[in-house]
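These protein sequences, in sequence, are chains A and B. In terms of this note's numbering, the first sequence opens at residue 56 and continues consecutively. In terms of this note's numbering, the second sequence opens at residue 56 and continues consecutively.
Just so you know, these hints were derived from the structure itself, not from any lab. Any given hint might turn out to be false.
You can't tell identical chains apart in this list, so a pair holds if it fits in one copy or across any two.
Claimed, not checked - SDA-like, lysine to any residue: derived pairs with alpha carbons at most 25 Å apart:
#	residue 1	residue 2
1	K178	L194
2	K155	E235
3	K257	L355
4	K155	V110
5	K188	L377
6	K312	Q262
7	K125	M158
8	K257	P321
9	K191	S349
10	K178	T138
11	K312	P338
12	K312	G339
13	K278	T107
14	K191	K312
There are 2 protein chains.
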Amino acid sequence: MADCRKRKIEVVGGGDESKGREETHTFRKVIGNEPGDDNGSASESLLSGFKTIAVLRDSAREKNIFIHGKIDDQEAVVILEKTPIREESLPEIFKDSRLKLEMKNDIYSTYQLQPPPHLNEIKTTVVCPATEKHVKKYLRQETFLLEESGEDYLSITLPFIQSQSFSVQWVYNILEKKAEADRIVHEDPDPKVGFVLLPDFKWDQKQLDDLYLIAIVHRRDIKSLRDLTSEHIPLLSNIRKGGQEVIQKRYSVPATKLRVYLHYQPSYYHLHVHFTSLSYDAPGCGVERAHLLSDVIQNLEADPKYYRSRCLSFLVRADDGLLRKFKDAGRV
Amino acid sequence: MADCRKRKIEVVGGGDESKGREETHTFRKVIGNEPGDDNGSASESLLSGFKTIAVLRDSAREKNIFIHGKIDDQEAVVILEKTPIREESLPEIFKDSRLKLEMKNDIYSTYQLQPPPHLNEIKTTVVCPATEKHVKKYLRQETFLLEESGEDYLSITLPFIQSQSFSVQWVYNILEKKAEADRIVHEDPDPKVGFVLLPDFKWDQKQLDDLYLIAIVHRRDIKSLRDLTSEHIPLLSNIRKGGQEVIQKRYSVPATKLRVYLHYQPSYYHLHVHFTSLSYDAPGCGVERAHLLSDVIQNLEADPKYYRSRCLSFLVRADDGLLRKFKDAGRV
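The following block holds chain A by itself, in its conformation from the complex (with noise of 0.2 Å):
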């Protein structure tokens, strides 16, 4: 059995351990072990014995599976993930695979189809030993759909938030130029209606396909949704018009491709608003979460106090404090 401690190889850099690398999985080619080197009979027998420990995380829409488990008596995550289908690989896989016939009716007919393996292959990736930081890192956290009224909002959600001393200091740095200035594609000083709009961290620039840029407000009164009103309506509507323009303007992208919309709940509470490409399945924009700014606008010119009173659907994490606070008052 292939003992995954024996290995010699140098490693180039360093670093392995840092987040981004363990959140992309991705690893540098190794030295002096290179693929083709008889590793064969090692790799052949690599996984034969692995042991199950639990499911971290997978996703029937991406068609991964991460798993703990055991190689030997040494602790490993094992990443699975589907290959994507290639148009090259088309004539041989329709050439030797075995059709399966599931259901048919008039011109439409369903099989599973069966390729010789090296024509589907799947992406593995084994990280052995594996730490507890690594299992923690790639575990799934259980999601659930909670509804807050306005009651619970103030009775539950603020004093936790209260409590927690979210600190938006970062965000300050920003609106004071002490840091990312550089970063800033636009500013509206005003101290009521202005903001500084800005790339996100997400968005690397070098393509438009998944442009995404953040409205922060100046103004430090507003938390988050549920504490505006008509009162905040200009400010909302000169997020709007300022960085759909500027947008355009910069990037040449218009209205009509852009996604803008606030979280709820948000990831920090100082008031920010998401500038996404359409074209771009942006983390966040599902409708659990987002609330499309020219919607808000509307809901407040109707209703002044609607974010106030009432009931707002968001997620929380299996961990999240504020979940217990909920359970705690039985509203979960």
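Following the hints, complete the assembly by docking chain B onto the known chain A.
Just chain B now, with coordinates in the frame of chain A:
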């Protein structure tokens, strides 16, 4: 070579050309030509002579590909999608797969895993003969976000919908138990507040991760969100309560793990509600298309004509006739 015209099957109902069915590329179970019938040899050869004309779209994230081509001299669209990796298949996969080392660095190593074909199937759908309409439907189109006022709906969208004669006969076949009766998991037969609940075809029901059911109302006078008024609150509440209860009972999935929503614009103009697993990043659960049922009910309770009067945002494809109508009306 299989000639897709020669298969004799009994088609129940009609309307294969319905917008909704095409968009979800879902199909009805064949009558009189069951899977397991000796179609093995016919199936085997169906794609071996497939000739690709063009790839219509593909997704590296979702591991699928939509191909326009020919089977014999027939135009066809073939859709291939890798299947999710299920925990129960892991022991066999680990035991019986070939493992090819790509690289190794300290505790990290990557491989290509090659499982036996029956453990690594590709979901395959064939539309043959395919029309130009099928090809266009699957071709990835640029999308735009439109804002439709209550006025726009009456003067542009509604006439457009009516002019298109989108058939919902297939929906009526389901409601009348002429088709898919065996797939219905729950029914409330009340003509005013009743509905049927059945799995969406996107869900193969082999795991709960991507749970997806649809509730279709019995009454036939509600095309979409736009037709809803406070008169429909009992109906909407019944769907919400009934759907959640059945899903809890049958699949042990609680309401806190469900995303329950309507689409605007919908795929077909007969009111229906989507129930998806919170853990499933379902296509169409983005804020620009989905409307949480809980929000819809709340909005109608506050304003009986909420969805008649307000501006609604929605996506249109570049080739959508409705976009052309909005442009002609100077609204884009």
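Each hint tested on the structure:
| no. | hint | in the structure |
| --- | --- | --- |
| 1 | K178 x L194 | within (19 Å within a copy, 28 Å between copies) |
| 2 | K155 x E235 | between (44 Å within a copy, 22 Å between copies) |
| 3 | K257 x L355 | neither (30 Å within a copy, 37 Å between copies) |
| 4 | K155 x V110 | between (29 Å within a copy, 23 Å between copies) |
| 5 | K188 x L377 | within (16 Å within a copy, 50 Å between copies) |
| 6 | K312 x Q262 | within (14 Å within a copy, 35 Å between copies) |
| 7 | K125 x M158 | between (40 Å within a copy, 20 Å between copies) |
| 8 | K257 x P321 | within (16 Å within a copy, 31 Å between copies) |
| 9 | K191 x S349 | neither (35 Å within a copy, 31 Å between copies) |
| 10 | K178 x T138 | both (6 Å within a copy, 14 Å between copies) |
| 11 | K312 x P338 | both (17 Å within a copy, 18 Å between copies) |
| 12 | K312 x G339 | both (17 Å within a copy, 17 Å between copies) |
| 13 | K278 x T107 | neither (38 Å within a copy, 49 Å between copies) |
| 14 | K191 x K312 | between (36 Å within a copy, 21 Å between copies) |
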